[in-house]
Amino acid sequence: MTVTIYSLAAIALFVLGLYGLWWQPHLLRKLVSLNIASAGAFLLMVALAYRGGDPDPVPHALVLTGIVISVSATAFAVVLAARRYRETGSVELDEPEARS
Amino acid sequence: MNRVAFRCLHGLVIAVLAGLAYLLARAVLALDPDGRGLSDTVTSAMPESGVLHPLTAVLLNFRGYDTLLEIAVLLVAVLAVWSLEPPAAPCSRVLQEPAHRNPVLLVGLGVMVPMIAMTAGYFVWVGAYRPGGAFQGGALLGAIGVMLASTGVLPPSIRRTIRLRLATTIGFAVFLLVALLTSLWSGTLLTYPKAWAGLIILAIETALALSIGVSLALLFMAAADRATVHREDAP
Amino acid sequence: MNGWALGPETGLVGFPAVGAVVLAIAAARGRRLVVGLTVAATLTAFVLTLARVLSIGAYEQDIGGWGAPLGIGWRIDGFAVLMLGLSVVVGAVVSIYSLAYFGEDPGDRRRALFFWPLWLFLWSALHGLFLSRDLFNWYVTLELSGLAAVALIALSGRADALTGSLRYLLLALAASLLYLLGVVVLYSATGTLDLAQVASRMTPGPVALAAVLLITTGLVVKAALFPAHFWLPSAHASAPSPVSAVLSALVVKGGFYILARTMTGLWPAASADGVLLVLGWLGGAAVLWGSLLAIRQQRLKLVIAYSTVAQLGYLFIAFPFWMDGVGEQAASRAWAGAAYQAVSHGLAKAALFLAAGVLIHARGRDDLDALRGLGAHLPVTATAMALAGISLMGIPPGAGFLPKWMLMTAALQEGRIIPIMVLMAGGLLAVGYLFRIFRRLLVADDVALDHAPPRTMEIAALVLGILSVIAGLSSLPILSLLSIGAPEGMNAYLEGVP
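Chains as they are written, first to last, in our numbering: chain A, 1 to 100; chain B, 101 to 335; chain C, 336 to 833.
Honestly, the hints are just simulated from the structure, not real lab data. Hints may be right or wrong, so weigh each one.
Taking CB as the label site, the calculated pair distances span [said to hold, decoys possible]: (1) Leu112(B) <-> Leu763(C): 28 to 38 Å; (2) Ala105(B) <-> Glu92(A): 12 to 22 Å; (3) Pro732(C) <-> Gln24(A): 46 to 56 Å; (4) Arg263(B) <-> Ala604(C): 53 to 63 Å; (5) Gln24(A) <-> Pro812(C): 48 to 58 Å; (6) Ala787(C) <-> Ile67(A): 43 to 53 Å; (7) Pro133(B) <-> Leu747(C): 32 to 42 Å; (8) Leu112(B) <-> Ala787(C): 15 to 25 Å; (9) Tyr229(B) <-> Arg86(A): 45 to 55 Å; (10) Arg107(B) <-> Gly600(C): 37 to 47 Å; (11) Ile801(C) <-> His110(B): 49 to 59 Å; (12) Leu808(C) <-> Glu148(B): 43 to 53 Å.
SDA-like, lysine to any residue: derived pairs with alpha carbons at most 20 Å apart [claimed, not checked]: (13) Lys294(B) <-> Ala228(B); (14) Lys294(B) <-> Arg707(C); (15) Lys294(B) <-> Pro147(B); (16) Lys294(B) <-> Thr143(B); (17) Lys294(B) <-> Gly400(C); (18) Lys294(B) <-> Gln396(C); (19) Lys294(B) <-> Ala145(B); (20) Lys294(B) <-> Thr141(B); (21) Lys294(B) <-> Ala324(B); (22) Lys294(B) <-> Ala125(B); (23) Lys294(B) <-> Leu284(B); (24) Lys294(B) <-> Pro539(C).
Counterexamples of contact, computed for chain B against chain C with all Cβ distances above 12 Å [to be verified]: (25) Ala105; (26) Cys108; (27) Gly111; (28) Pro203; (29) Val204; (30) Leu205; (31) Gln236; (32) Pro255; (33) Ser257; (34) Leu299.
Each residue gets a CB set at the ideal place from its N, CA and C atoms; glycine is no exception.
This is chain A alone, in the form it adopts within the complex (with noise of 0.2 Å):
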């Protein structure tokens, strides 16, 4: 039971931090959407680890190693969304080259 309400509301973070990745249109509101959806990936992983009593270790094994990528992509993507808002002066995508 636990688990099932753990691993459903998982994918419902998942699938919000989708929809806010398509949706936001400044860039570290995109990027805090996809660390969003990384949580509900993470999650559902140690929400599964769970079931049959004592935990496998295998998946928090996993969960660890995503989180340090997660973290390393995400910090690259904010220093480089700086560094493109000092060269066009613009937060979102789909506008590049505003002032530039």
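We have chain A; now place chains B and C onto it with these hints.
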């Protein structure tokens, strides 16, 4: 794009995502509620892993190769962030009043930094038999970097000296060296000699914690728009 | 271990990584030596891996000695070795080209400091991807190669490159998450991440359906299949030329490779049929749409980038032939054709982008009209482009001919008319967009070069151009290599060939 077309697209996206959620939910509910994954396999292989905590065994022994590549991802992120700095170091930024002139803050840091560093060391050590390890220790070390940067103890731009570059790469370098040496030994990457597995893992974890800490702090500083100063002919 | 103590394939991942670490720490002075050693060592490792596969057949390696499902495994078979060969050859030539490409002005010197470690990490990650047979390890290699690729695109620092790389980064991350979720569902159902083990424990049902859709969608974005191709042209065209070559020739093939592996060895029979059919249609659409847009572009690198969208489409035209009930020979011809196309496109496209880098260097701009009359000044580069063009148009003896012919015979055997029409139209359209380049190169305008490009760059492009013809002439060795350890039911394509 006109309004009607946009509304249609919006509806389509929501429908696709709802379909995705439905499919996923159906798949998750169809899974065996007592599925145990690899728990039993991991448990029975623990005596050969050189450590007592299953998470550490999976991360650094059974699936150590994933972790090796993941540290490469962190290193690539640091290099990528450095490569994005504008060619001229931004000197024009207004310097705020350095916080470290505040005596309360200074004393607070003097107490907290050593304690956090010690806790980080403990986490790395305890990872062999309890929750902990290089990532937890590294995250704490990274937090020290964030504290020092945001209190103004670290200057707004730090030099990318050879020492800083070494500290950033040493985790991956040590791990890779172990991988290649063990492959000379046994023909495949990361097959540790059993008697040495515990010691090798501790050595890797120590180097990893240092690099993870430094890398996380550097990523934070880059995202907070603090520059690093580079030499002409080195990354 | 059959007299082989060392695993030579280890070096394919290990040596570029060592080079990357050294160049991430060290100053620029010893760079030529380090790059040279890394390239030589990686080539040697590849030759030894090839020799090993030819002598003992397909083999597997258990990293850490644990074996699946606990550990991660590699599988080295004909398909893997072919893709590794493509990556090693293109990577070696691009490395030598790049030593000359990043010249002496301060911006270039700064970019080179980061180009080298990032590129060598990318090279290592690609080899890891082609060697692996572990679903989660593929996720990690995809992320490592993707992140390094984005960083390399952004290297020029121009506004269009920053926009292109950021869009690519966001999409690639979302695609990885979809793929990851599919893998999670599979692991939860089967308790393993090893490709063959998951396959043997899979049953049709809601789990398989969700996993097929998630994994395929994620990989399709990575492989830039129409209509998920829209990130590709701006990203590939705005990158520095050696990076464009690597992206088009190798990085998008990573997504295709995993997709081909999963489609021929993971899903229970017939459970992916609908998806395979859709992929085929999208592939056909990609060929037509990519080619038409390539004809409309005004900038040299955008023409080549849209050509990549079109040429990737051919890979997916093969997919419907792996549905349940297709004859074994047609299925395996489509399989071999797709693998061959991945190699022939990789060589030809890398040659084109490297040559484009020479031309842009010579004129300092990259609109098509800047090319007028350059052929007379740079005959070596023009030849490289012509050889690559022959392959892309599918004219024998270019390497692009045989894969299209194999796909056509597969379609004929199955009595499918639409793939044949798309294949023929695609060839004609390729002539259309490539002659927009050649026509301008070969006019007799008397123009002066702005800069004389380094000789090394011209020769590197020519080497790849020649290789894309040699790969067409040596079709039999390539096809017999591909049959080593081919997936079940996929090695009937040589039957009836003398």
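Checked hints:
A C-beta distance of roughly 34 Å is found between Leu112(B) and Leu763(C), which places it inside the suggested range of 28 to 38 Å. Checked against the hint of 12 to 22 Å, the C-beta distance between Ala105(B) and Glu92(A) comes to roughly 19 Å, which is consistent with it. Distance hint for Pro732(C) and Gln24(A): a CB-CB separation of about 52 Å, consistent with the stated range 46 to 56 Å. For Arg263(B) and Ala604(C), the hinted distance range of 53 to 63 Å is satisfied, since their beta carbons lie about 58 Å from each other.
Judged by the Cβ atoms, the range 48 to 58 Å given for Gln24(A) and Pro812(C) holds: they are separated by roughly 52 Å. Range check, Ala787(C) to Ile67(A): Cβ separation about 50 Å, and the 43 to 53 Å hint holds. Between Pro133(B) and Leu747(C) the beta carbon distance is about 50 Å. The supplied range of 32 to 42 Å is therefore violated. In this structure, Leu112(B) and Ala787(C) break the distance hint of 15 to 25 Å, their C-beta atoms being roughly 53 Å apart.
For Tyr229(B) and Arg86(A), the hinted distance range of 45 to 55 Å is satisfied, since their beta carbons lie about 48 Å from each other. At about 43 Å, the CB distance of Arg107(B) to Gly600(C) agrees with the hint of 37 to 47 Å. Separation of Ile801(C) from His110(B) is about 52 Å and conforms to the stated range, judged on CB atoms against 49 to 59 Å. In this structure the supplied range 43 to 53 Å holds for Leu808(C) paired with Glu148(B), their Cβ-Cβ distance being about 51 Å.
Among the hinted pairs, Lys294(B) with Ala228(B) is consistent with the structure: their alpha-carbon atoms are about 15 Å apart, no more than 20 Å. Restraint check for Lys294(B) and Arg707(C): not satisfied, since their Cα atoms lie roughly 67 Å apart, outside the 20 Å limit. Simply put, Lys294(B) and Pro147(B) have alpha-carbon atoms about 10 Å apart, close enough for the 20 Å limit, and the pair holds. Of the supplied pair hints, the one linking Lys294(B) and Thr143(B) holds, its CA atoms being roughly 17 Å apart against a limit of 20 Å.
For the proposed pair Lys294(B) and Gly400(C), the alpha carbon gap of about 11 Å is at most 20 Å, so the pair holds. For the proposed pair Lys294(B) and Gln396(C), the alpha carbon gap of about 19 Å is at most 20 Å, so the pair holds. Proposed proximity of Lys294(B) and Ala145(B) is supported: the alpha carbons are some 12 Å apart, at most 20 Å. With a C-alpha separation of about 18 Å, the suggested pair Lys294(B) and Thr141(B) falls inside the 20 Å cut-off, and the hint holds.
Distance hint between Lys294(B) and Ala324(B) is unfulfilled; the C-alpha atoms sit about 44 Å from each other, more than 20 Å. Taking the CA atoms of Lys294(B) and Ala125(B), the gap is about 43 Å. The hint is violated against a cut of 20 Å. Between the alpha carbons of Lys294(B) and Leu284(B) the distance comes to roughly 16 Å, so the proposed pair stays at or under 20 Å and holds. With a CA separation close to 41 Å, the supplied pair Lys294(B) and Pro539(C) exceeds the 20 Å bound.
The claim that Ala105(B) is not at the interface with chain C holds, since no C-beta of that chain comes within 12 Å of its own (minimum 16 Å). No Cβ of chain C approaches the Cβ of Cys108(B) within 12 Å, the least distance being about 16 Å, so the stated non-interface status holds. In this structure Gly111(B) is separated from chain C by more than 12 Å, as the shortest Cβ-Cβ distance comes to about 18 Å. With 12 Å as the threshold on Cβ separation, the claim that Pro203(B) sits away from chain C holds: the shortest Cβ distance comes to roughly 39 Å.
At roughly 39 Å from the closest C-beta of chain C, the C-beta of Val204(B) stays outside 12 Å, upholding its exclusion from the interface. The claim that Leu205(B) is not at the interface with chain C holds, since no C-beta of that chain comes within 12 Å of its own (minimum 35 Å). Every CB of chain C is more than 12 Å from the CB of Gln236(B) (nearest about 20 Å), matching its label as outside the interface. Residue-level check passed: Pro255(B) sits 22 Å from the nearest beta carbon of chain C, beyond 12 Å.
Chain C leaves Ser257(B) outside its interface by the beta-carbon criterion, the shortest separation being 16 Å against a cut-off of 12 Å. Separation of Leu299(B) from chain C is adequate, the least Cβ-Cβ distance of about 16 Å exceeding the 12 Å criterion.
Of the hints listed earlier, those the structure fails to meet are numbers 7, 8, 14, 21, 22, 24, in rising order.
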